[in-house]
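> Quick note, the sequences are listed as chains A and B, same order.
Just so you know, the first sequence maps onto residues 1 to 450 in our numbering.
Just so you know, the second sequence maps onto residues 1001 to 1279 in our numbering.
Simulated from the structure, these hints should not be mistaken for laboratory data.
If you're wondering where the values come from, they're calculated on a predicted model, not measured in any experiment.
It cannot be assumed that every hint is accurate.
What the hints assert, rightly or not - The following label-pair restraints were derived from C-beta to C-beta distances:
hint : chain 1 : residue 1 : chain 2 : residue 2 : range
1    : B       : 1015      : A       : 391       : 24 to 30 Å
2    : B       : 1090      : A       : 372       : 32 to 38 Å
3    : A       : 445       : B       : 1075      : 18 to 24 Å
4    : B       : 1015      : A       : 349       : 53 to 59 Å
Unchecked claim - Residues of chain B placed beyond 12 Å of chain A at every Cβ, according to the derived structure:
hint : residue
5    : 1072
6    : 1260
7    : 1263
Glycine is no exception: its CB is placed at the ideal position from the N, C-alpha and C atoms.
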Amino acid sequence: MTTALQPFGFDTDSFEAFLAQRAEPDWLLSMRRQSWDTYSKLAWPTRDHEEWIRTDIRTFRIENFRPPIQAPPASVAPPGLLTREVELAGACVSINSHSTSHWLAPQLASKGVLFGSLPELLADNADRLRPHLERQIVLPGYDKFAALTSAFWIGGQLLFVPRGVRVELPLHSLAALTADGVDLQKTLVILEEGAEATMLSETASLSVDVEAGNVVGSAPAESRGLHAGITEIVQGAGSRLRYVNLQNWGTGVWHFAHQKARLERDAGLQWTLAALGGKTAKVNQQVELAGKRSECQVNGVMFTEGRQHFSYHTLQHHQAPETRSDFLYKSALQDKSRTVWRGMIKVDPAAQKTDGYQRNDNLLLSDTSRADSIPGLEIEADDVRCTHGSTSGNVEEELIFYACSRGLTRREAVRLIVTGFFQQVLDRITIPSVRDALVNAIAQRVREYR
Amino acid sequence: MATDLLTITDLHVSVDDKPILRGVNLRMQRGETHALMGPNGSGKSTLGLALMGHPKYVVTQGAIELNGVDLLAMEADARARAGIFMAFQRPVAIPGVKMADFLRHATTNVRFPDRKEGEQLIPMKDFRKELRAKMDHLRMDVEFARRYVNDGFSGGEMKRAEILQMAMLQPKFAILDETDSGLDADAVRLASESIAEIGRNNMGLLIITHHDKLLEHNPPDFTHVMLGGRIVETGGVELAAELYSQGYDRIRRTYPEAEAENRAMLDHDEPQLSAVERE
Ligand SMILES: Nc1ncnc2c1ncn2[C@@H]1O[C@H](COP(=O)(O)OP(=O)(O)OP(=O)(O)O)[C@@H](O)[C@H]1O
Ligand SMILES: [Mg+2]
Chain A
1 MTTALQPFGF
11 DTDSFEAFLA
21 QRAEPDWLLS
31 MRRQSWDTYS
41 KLAWPTRDHE
51 EWIRTDIRTF
61 RIENFRPPIQ
71 APPASVAPPG
81 LLTREVELAG
91 ACVSINSHST
101 SHWLAPQLAS
111 KGVLFGSLPE
121 LLADNADRLR
131 PHLERQIVLP
141 GYDKFAALTS
151 AFWIGGQLLF
161 VPRGVRVELP
171 LHSLAALTAD
181 GVDLQKTLVI
191 LEEGAEATML
201 SETASLSVDV
211 EAGNVVGSAP
221 AESRGLHAGI
231 TEIVQGAGSR
241 LRYVNLQNWG
251 TGVWHFAHQK
261 ARLERDAGLQ
271 WTLAALGGKT
281 AKVNQQVELA
291 GKRSECQVNG
301 VMFTEGRQHF
311 SYHTLQHHQA
321 PETRSDFLYK
331 SALQDKSRTV
341 WRGMIKVDPA
351 AQKTDGYQRN
361 DNLLLSDTSR
371 ADSIPGLEIE
381 ADDVRCTHGS
391 TSGNVEEELI
401 FYACSRGLTR
411 REAVRLIVTG
421 FFQQVLDRIT
431 IPSVRDALVN
441 AIAQRVREYR
Chain B
1001 MATDLLTITD
1011 LHVSVDDKPI
1021 LRGVNLRMQR
1031 GETHALMGPN
1041 GSGKSTLGLA
1051 LMGHPKYVVT
1061 QGAIELNGVD
1071 LLAMEADARA
1081 RAGIFMAFQR
1091 PVAIPGVKMA
1101 DFLRHATTNV
1111 RFPDRKEGEQ
1121 LIPMKDFRKE
1131 LRAKMDHLRM
1141 DVEFARRYVN
1151 DGFSGGEMKR
1161 AEILQMAMLQ
1171 PKFAILDETD
1181 SGLDADAVRL
1191 ASESIAEIGR
1201 NNMGLLIITH
1211 HDKLLEHNPP
1221 DFTHVMLGGR
1231 IVETGGVELA
1241 AELYSQGYDR
1251 IRRTYPEAEA
1261 ENRAMLDHDE
1271 PQLSAVERE
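Bound-form chain A, shown alone (with noise of 0.2 Å):
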């Protein structure tokens, strides 16, 4: 396999290019094209932009990267973390962009279940996907991340259920990166009324036997790459889904994301957020109860070390009465690692009796890691419950003598007090392969403290 490097990176050239090769209807090739025309108006952001003031991507250069217009050098990754012992009902992979392998049980298929790489199925199902496509409830304009990723999205996920059909076993989807590698991806999750299903996606980053074209193992941690994504979940009236997405990327890699919810009347979204890789990550969380009764629980699990930056910016956004959202998010901190996490809970004028809550953890396991927490309400309407709060501490000596007193090593209680610590958000996640994934991945990180 060649590895040439293309002689372009991301200019208007590249864009036709890219545009001339994809076979694509006329109605989505000119929705690219306005948003690349967003894209090229649109500035980087800098520390003047209100999301961007604690978070410096100045040595991000975009130059560094190649649009990911050639096939990926390789064709199989490894499992994820999150399947161990699972039975699925279809699963998808992509590395750098490019789907790899994907199957979906044909039992679903026959009930018009989709799942799958979403420019595949697209071929396939263009005028039944086209909605879908231009509801672009994350709007292209948003930064210049949202722009590029509208504009120039080549790989990402469909998963899509039909009215009333309930999926019982996970799908799951992991999105690979090589070293220098980009993904740049839109994932779109549509559940009609009633439907049910249960999604389980992931990231990681491979280093590659380039001759050979296999994998050969995780990547070198500092490996470079880029990930800019967009998600998309639209739930009919009744329908239920669990989402799971795990970031863990090698540490070389930007992310930045933006995926957003939104529910229709009496629709359930238990949404878990785990963190654990990437160099900078920015992600915008969003999810607007736009039907009555709808509700939302988000759980947020971030471990970050060495000089990794994680910045979330999330909104629950009622819209309709008696909606609810609980957002909870814990971060562990070691080494020079930073979070900032700005939530916002928004409640319109018409969302009478909502209740919605927010609450922001932070471990501090380092003198030298920073946590900034700042959370926020804003409410038009009176009739309403809405709570938030937020804690930043250290791992206190008292509980790491108490357990050191039963013939714990230091090591081992610390690891323990920070497992206790993210309990209480594990506990909400009714997935026994995620919880246990995310308490082994927590655990492997612990390290000395102090």
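Knowing the structure of chain A, use the given hints to seat chain B with the ligands on it.
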């Protein structure tokens, strides 16, 4: 078995550079019961915590040895594995960590002192069976094991949980720091009986108490009185009886120097003391 010997020689301990213990001597054999009494703030808990290896309690002089082996050179976890245990006056909560998981880890480490981190724990089935039997014995609900360590426990539950841990870890020497406080009359009797059953003859017990019930079931071979960071008097069971019937007046009068030091320590930290008294 009765040959295990714990010796404390001329022990001086400071907290935040403030001297608390000023030359404590104590010699305990496994199988003996020692009562440690003394007014508030005299340094009883400090002695226990220094024995257990709390990093805040800095030994500035003296020695602690278990069968001639220097305990001061060991961290708290190594001391636990060497057979030292302390039931704390104020145990801390570890949110999110289930009692059963915590105790399984602890029991494995103490029973297999050479276990390396990450090596197997004692089998779940055996552990559960043993834990359940011991909980039954202490009349603790099985639900207890699934709760988080000391998290939201009542005062009495906390003390019972400490006794349960002692029962599981089977130490050579146990310091019981006011394990009878915060318990109602029935609970004190149950705790006293359990301690007698688990500990007497089998362990060296250092019982810190202000009440008589615990000692009634665990009659001390020796009673030590602490004042101003020193053991000022040692006697038999009759000394304990004198102290809880008549208080510390005689002691204070007999040892005015120690009494002055005790007072000085108390004056130093009123807020700390009021927290102690509230309990
Ligand atoms: N961690 C600490 N920080 C500051 N001062 C301490 C600390 N531990 C003990 N002291 C001080 O040392 C002195 C002895 O305290 P200690 O707790 O050992 O007394 P005690 O005999 O156990 O009293 P009580 O009967 O009230 O439990 C007190 O003046 C106390 O305030
Ligand atoms: Mg005390």
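> All hints are to be evaluated individually against the structure, with a verdict given for each.
Consistency of the hints with the structure:
no., hint, in the structure
1, B:1015 / A:391: 24 to 30 Å, "28 Å, holds"
2, B:1090 / A:372: 32 to 38 Å, "33 Å, holds"
3, A:445 / B:1075: 18 to 24 Å, "23 Å, holds"
4, B:1015 / A:349: 53 to 59 Å, "58 Å, holds"
5, 1072, "15 Å, holds"
6, 1260, "31 Å, holds"
7, 1263, "28 Å, holds"
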